[in-house]
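> In case you want the letters, here they are:
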Amino acid sequence: MADTLTIGKALNLGLRRAMEDDPKVVLMGEDIGKLGGVFRITDGLQKDFGEDRVIDTPLAESGIVGTAIGLALRGYRPVVEIQFDGFVYPAYDQIVCQVAKMHFRSRGKVSLPIVIRIPFGGGIGAVEHHSESPEAYFAHTAGLKVVACSNPSDAYWMIQQAIASDDPIVFFEPKRRYWEKGPVDTDSAPFALHESVVTRPGSDVTVLAYGPMVRTALDAATAAEEDGRSLEVIDLRTLSPLDMVPVYESVRRTGRAIVVHEAPGNLGLGAELAARITEECFYSLEAPVLRVTGYDTPYPAARLEEEYLPDLDRVLDGVDRSFGW
Amino acid sequence: MADTLTIGKALNLGLRRAMEDDPKVVLMGEDIGKLGGVFRITDGLQKDFGEDRVIDTPLAESGIVGTAIGLALRGYRPVVEIQFDGFVYPAYDQIVCQVAKMHFRSRGKVSLPIVIRIPFGGGIGAVEHHSESPEAYFAHTAGLKVVACSNPSDAYWMIQQAIASDDPIVFFEPKRRYWEKGPVDTDSAPFALHESVVTRPGSDVTVLAYGPMVRTALDAATAAEEDGRSLEVIDLRTLSPLDMVPVYESVRRTGRAIVVHEAPGNLGLGAELAARITEECFYSLEAPVLRVTGYDTPYPAARLEEEYLPDLDRVLDGVDRSFGW
Amino acid sequence: MTRAESKRSAPPPGADVDFVQLLTPDGERVTHPDYSVDFDADELRGLYRDLVTVRKLDAEATALQRQGELGIWASLLGQEAAQVGSGRALRPQDMAFPTYREHGVLYCRGIDPIMPLGLFRGVDQGGWDPIANKFGIYTIVIGAQTLHATGYAMGINKDGKVGTDEGEAVIAYFGDGATSQGDVNESFIFASVYNAPVVFFCQNNQYAISEPLQRQTRVPLYQRASGFGFPGVRVDGNDVLASYAVTRAALDNARHGQGPTLIEAYTYRMGAHTTSDDPTRYRVASEVEEWQAKDPIARVRKLLEREGLADDEFFASVDADARTEAVKLRERVLALPDPDPTEMFANVYPNGSHEIDAQREQFAAYHASFAHEGGH
Amino acid sequence: MTRAESKRSAPPPGADVDFVQLLTPDGERVTHPDYSVDFDADELRGLYRDLVTVRKLDAEATALQRQGELGIWASLLGQEAAQVGSGRALRPQDMAFPTYREHGVLYCRGIDPIMPLGLFRGVDQGGWDPIANKFGIYTIVIGAQTLHATGYAMGINKDGKVGTDEGEAVIAYFGDGATSQGDVNESFIFASVYNAPVVFFCQNNQYAISEPLQRQTRVPLYQRASGFGFPGVRVDGNDVLASYAVTRAALDNARHGQGPTLIEAYTYRMGAHTTSDDPTRYRVASEVEEWQAKDPIARVRKLLEREGLADDEFFASVDADARTEAVKLRERVLALPDPDPTEMFANVYPNGSHEIDAQREQFAAYHASFAHEGGH
Ligand SMILES: Cc1ncc(C[n+]2csc(CCOP(=O)(O)OP(=O)(O)O)c2C)c(N)n1
Ligand SMILES: Cc1ncc(C[n+]2csc(CCOP(=O)(O)OP(=O)(O)O)c2C)c(N)n1
Ligand SMILES: [Mg+2]
Ligand SMILES: [Mg+2]
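Residue numbers (my numbering), protein chains in the order written: chain G, 1 to 325; chain E, 1 to 325; chain Y, 1 to 376; chain P, 1 to 376.
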């Protein structure tokens, strides 16, 4: 069945289906019950599945993740909602030292099938701590898998795949794209969870993006076409582990790569991608891998965020710079 | 005056001198008083400066850093000891959201001259959480400065420079090198705090290291000399902001670079260094920048750490691989 | 204590019994064995003026948000008495650490009400000097500021600024939801262990966004304190006199070296959590109506009327003045300039950073290239 | 509560008054209004055997560390009664979440004492199945496990496994120092709000490494509970009978749906924090001697002797058996194989990762290159 859904609604339906499929799936978070979450991603789920499966928790992120670990040890599959990207840090210790390491410490005796959902990124005109892009903190952490969805179909399927996976997964949702619509085939998943996908084929330069920047990259590709430049856009989808196969294949063809993300450039995903691409495609590169990212400043006040965030023009500027080499 | 000191003792003397120089300097941490810290870095300081300036705190890292912020707002210059690298995460929220951002949020009205000392890295045969290398988490965070000392002279001077600086600084100490000795000129500082330094000149390949891996890199350089290869070793010293000037200068000469660190490779400092070097020295590079790092696994049990940690042989293997390009 | 005793001693967390009240919803003054106030007519009228003014300014901000002039607004509606009472209880030398909702406290500190509006408009992130204003930057990360307050209070002890009437004290504001955060509980521990001169002022407005108090506790919040070794007291947070008296006493205890106190101001968030929130999804109108009857302003007006301390002319002039202030505020908000884009590269580090400098230059060059091209 | 009352009601945190005791240091049984035990002679002898055995095994581990066979050891010396009492109070269906020091509890669960030694030897990081053993993996990050325990207990509620004698309960172990961590306080909140069947068992051994109790609290720790809405009780942690009785009652309350309890087992760390620690730097010998007189084992021996429940032969055989167990443990520790280096690439992810696979292969190839070269 093919539907047209927003990303937010696709996530909601994906969560619903995961809960129907497995009674051990429980949702935990702040305001996810009657309110349905501040973005309404869990809208209606408490009404239909009860307070025992859609749990409004005390206001304590470490407590949420820490008790999710206990529930996972008890056989549950907790799906945790962090209300905004900037509020995950109180739970950082439990995520980095416990969630990420339990399987390893137990020599594989136990798994923690926990999904930590984080609406991330800027562009919604919010006050501080509501527009962060903390994905590198988690991708650098061994023992966690990290994914980001960028469109309704992936939202619908990736959340279900993440919940079904026994790996602990940090699941990034492109907050400012929640209301964007797209087709969803609810019968079968088009891709595996940890797979990067060429979203728009091209031949001149490879543009790597994930989450909210995929749309930006695609728009840039459309604009570049008018200038006679063909951009290949890859939606990374999985940030850890990275799926480099399609990336290498593409860059070997194009000889140029641009990484786009909102997070600060310094030690962002772009750094790792640039390092790997350079190592693997050293003789194919016509220019160094370039990065179009947020600046290395705290996320600025809302009235400046348009200046801070990579946009179509900055992507095209990156392309220009690459060709200028 | 030139002395021969261990790194541990040099830090101790540096802290002492900073406390003598400025009555607003206070030390905070677990077991730093009578015990002098588990590594004795604060040995004797409570006896001489009193409980009011060398504060044994409750066992709560978020509390320590959070109250340090308050003390800093009150005009103090808190120097916080985190007992081991793996125990900094409960304070992560206060560090990332508060320490790093206060100056920015106040539009420069207030500064938080806080130093967070973290003994880091492995090689001491410890149980889990005692051998971590979390520097990338902090270096990726805008608003923090991050440094790592590698020898007694830097230990003595950098800790004083860090305390005197109005920037919030995460100060990494090479735990397993605490007992290594070296000369310290206590009269004048040889280098500025945020400066990278060529520690051993060479002509064939540039090896970048910091903290405990500087010794490893130097040993590798000595060994390589016997094979007729000349390694230039740069001690980065400052991890954020990076001081790339001597790095670019070196790589342009050698055409090859190896980054060595204990932290997992994925999104470690090596990624950023590789990305920047490639962008800046694109036409000088004879081979891609290679990384010799910890693996992307949780830090393993002590009996495996020798296998996990980069050592002289792995650095030389990196050099070989670079020349194999 | 046996379980049975523990159960008995625990009224449900939401019962508005057990609190210090000096002024009833009907505007009658009542006495309390431990707390009293000694206000003259001028002062009582002053409190009324404060209450009306902060409510009016708050309503203006809400209106500004509705008109797109603010990005968001966190209204204090219903919490005026807790804020004016505690705010007026502060002495000039005292330091306050607010959440994001303490506009009334800010006003009572004598601070220009425009100060926090840049944050809600999105032109800055506070940007004021917390020390000069003796009022911390609004803190959005729940609970974080309670540790800052405690550390600052530890510094007061170190400075020897306790033990006299001139001693300094600190007040840390937070909500009912915040009591669940580790940081808040750690701040109780540090404050207790170091006997820090800090008053923890919890505005229990019954909700953390959509979550009712029962999701945070099963016993009254003020009871949390005793297990940490300092007193806790619940005050009628809709009673400005009691809020003042209890806060003043706690602050004075603190400045005299008697350590921390937890105050639970029992009140109600009459509006939405913020302008982004829709409370009809999670609470019933009848509950709001019930609290309407306990309005913090109406009872002071009744008192002033009953005791003949104010006439219609006074009330009208207070309203008119508040309106004038609101209009002025609106005009100044509209005039708040957008920040220069390069502002985002400023103040990242006290000592600067060559990396940020380089990025600022790249940014400038990039923008200059558009000017050159004549737009892109 | 006024300040004066609060001060009065707060005995100093370190006073060993106010606790449940059923067996004095002199081996005399005393009664308590709320708690009692009903052990027959066999059971009492069994407890004595447990105490002696866990002490002996612990001493053996310390010796192994001194000889370089363990990297570090966290001794339970002095805390045997708290651990044996609470450990024996667990029913088979109950789940325990330990710190890094609960070797005695582990032993009482019937678990092979070799199990945790791999961790201290450095050959693994625990590596056992917490569910099969009903005993969590040792947790070094202070306090983290209390939340895991609470979440697990929330799961018991969800499974409907409370309300009968067969109900399940959870015990979370932690130290006095841990009570300062945000996580521990958050676990109190979650446990209270969800009425989770979890017993918080705090072994107050008076020190967190070098820091005495006074650095964590100024009132007794068991009092922390009431502010979170559940009972707290202090027990003589050197009294195995009282430790058993109090824990059994709390666990049974929990399994019957009555929610959490905090138990503060008042005891003393007779040895160093770990073998890496030097307690002479921060505490005086006389303090240790004072506690020597309250030894948890001596008092049970006195009881058995006084009541004629055991003779010299029994005591000698217990010692001999413990020695035998210790020798066996030593032999098995020495035989613990070093892990294969590729072990570090195993179990990073339940579903594996191609990146880790690639690194494992590179690692193997790198090592093979040495074999080829004949060493490097
Ligand atoms: C650490 C953190 N988690 C979540 C949030 C999102 N959030 C903002 S306000 C709020 C509720 C706060 O409730 P309360 O403490 O009662 O204060 P109130 O808003 O009612 O004044 C939440 C969950 C946040 N700001 N910080
Ligand atoms: C989060 C964290 N911070 C610091 C440490 C270092 N550390 C290990 S044990 C310990 C003291 C623990 O004291 P307590 O809770 O009383 O337990 P005890 O060791 O006395 O049994 C400390 C500070 C740690 N393991 N985890
Ligand atoms: Mg509230
Ligand atoms: Mg202890």
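Worth flagging that the hints you see were computed from the coordinates, not collected in a lab.
Do not rely on the hints blindly, as some may be mistaken.
[Stated by the list, open to error] Stretch-level coverage of chain Y by chain P, calculated; a stretch enters the list once three of its residues show a Cβ under 8 Å from a Cβ in chain P:
| hint | segment |
| --- | --- |
| 1 | 152-161 |
| 2 | 184-193 |
| 3 | 332-345 |
[Claimed, not checked] BS3-like mimics (lysine-lysine), calculated; alpha carbons at most 30 Å apart, straight line:
| hint | chain 1 | residue 1 | chain 2 | residue 2 |
| --- | --- | --- | --- | --- |
| 4 | Y | K158 | E | K109 |
| 5 | E | K34 | E | K24 |
| 6 | G | K34 | P | K134 |
| 7 | Y | K56 | Y | K134 |
| 8 | P | K328 | P | K161 |
| 9 | Y | K158 | E | K34 |
| 10 | Y | K161 | Y | K134 |
| 11 | Y | K158 | Y | K134 |
| 12 | P | K158 | G | K109 |
| 13 | E | K181 | E | K47 |
| 14 | Y | K161 | Y | K328 |
| 15 | P | K134 | P | K328 |
| 16 | G | K47 | G | K34 |
| 17 | G | K47 | P | K158 |
| 18 | E | K24 | Y | K158 |
| 19 | E | K24 | Y | K302 |
| 20 | Y | K328 | Y | K302 |
| 21 | E | K109 | Y | K302 |
| 22 | E | K109 | Y | K161 |
| 23 | Y | K134 | E | K47 |
| 24 | G | K109 | P | K302 |
| 25 | G | K24 | P | K134 |
| 26 | Y | K158 | E | K47 |
| 27 | P | K161 | G | K34 |
| 28 | G | K24 | P | K158 |
| 29 | G | K24 | G | K34 |
| 30 | Y | K56 | E | K24 |
The C-beta atom is built at its ideal place from N, Cα and C for all residues, glycine as well.
> So, for every hint listed, does it hold in this structure?
Results for each hint:
1. 152-161: Our answer is that it is violated, as 0 residues pass the Cβ test (under 8 Å) against chain P, missing three.
2. 184-193: holds (count 5)
3. 332-345: Result for this restraint: violated, n = 0.
4. Y:K158 with E:K109: At roughly 23 Å apart (the allowed maximum being 30 Å), K109 of chain E and K158 of chain Y satisfy the hint.
5. E:K34 with E:K24: Cα-Cα ~21 Å, so holds.
6. G:K34 with P:K134: Given pair K34 of chain G, K134 of chain P is violated - Cα atoms ~36 Å apart, limit 30 Å.
7. Y:K56 with Y:K134: It holds: about 24 Å lies between the C-alpha atoms, which stays within 30 Å.
8. P:K328 with P:K161: Violated: K328 of chain P and K161 of chain P sit about 39 Å apart, past 30 Å.
9. Y:K158 with E:K34: Between K158 of chain Y and K34 of chain E the Cα gap is close to 20 Å, so the pair holds against 30 Å.
10. Y:K161 with Y:K134: Holds: K161 of chain Y and K134 of chain Y sit about 15 Å apart, inside 30 Å.
11. Y:K158 with Y:K134: Roughly 18 Å separates the two Cα atoms, so the pair holds.
12. P:K158 with G:K109: holds, 23 Å
13. E:K181 with E:K47: Judged against 30 Å, a Cα distance of about 25 Å means the pair holds.
14. Y:K161 with Y:K328: violated, 39 Å
15. P:K134 with P:K328: Judged against 30 Å, a Cα distance of about 24 Å means the pair holds.
16. G:K47 with G:K34: holds, 7 Å
17. G:K47 with P:K158: Judged against 30 Å, a Cα distance of about 17 Å means the pair holds.
18. E:K24 with Y:K158: Given that 30 Å is the threshold and the Cα spacing comes to 10 Å, the pair holds.
19. E:K24 with Y:K302: Violated: K24 of chain E and K302 of chain Y sit about 52 Å apart, past 30 Å.
20. Y:K328 with Y:K302: Holds. K328 of chain Y to K302 of chain Y sits at ~29 Å (cutoff 30 Å).
21. E:K109 with Y:K302: violated, 44 Å
22. E:K109 with Y:K161: holds, 24 Å
23. Y:K134 with E:K47: violated, 35 Å
24. G:K109 with P:K302: It is violated: about 44 Å lies between the C-alpha atoms, which goes past 30 Å.
25. G:K24 with P:K134: holds, 20 Å
26. Y:K158 with E:K47: With a Cα-Cα distance of about 17 Å, the restraint between K158 of chain Y and K47 of chain E holds, given a limit of 30 Å.
27. P:K161 with G:K34: Holds, at roughly 27 Å.
28. G:K24 with P:K158: Within the cut-off at roughly 10 Å; holds.
29. G:K24 with G:K34: holds, 21 Å
30. Y:K56 with E:K24: Cα-Cα ~44 Å, so violated.
Checked against the numbered hints given earlier, this structure breaks hints 1, 3, 6, 8, 14, 19, 21, 23, 24 and 30; the rest are met.
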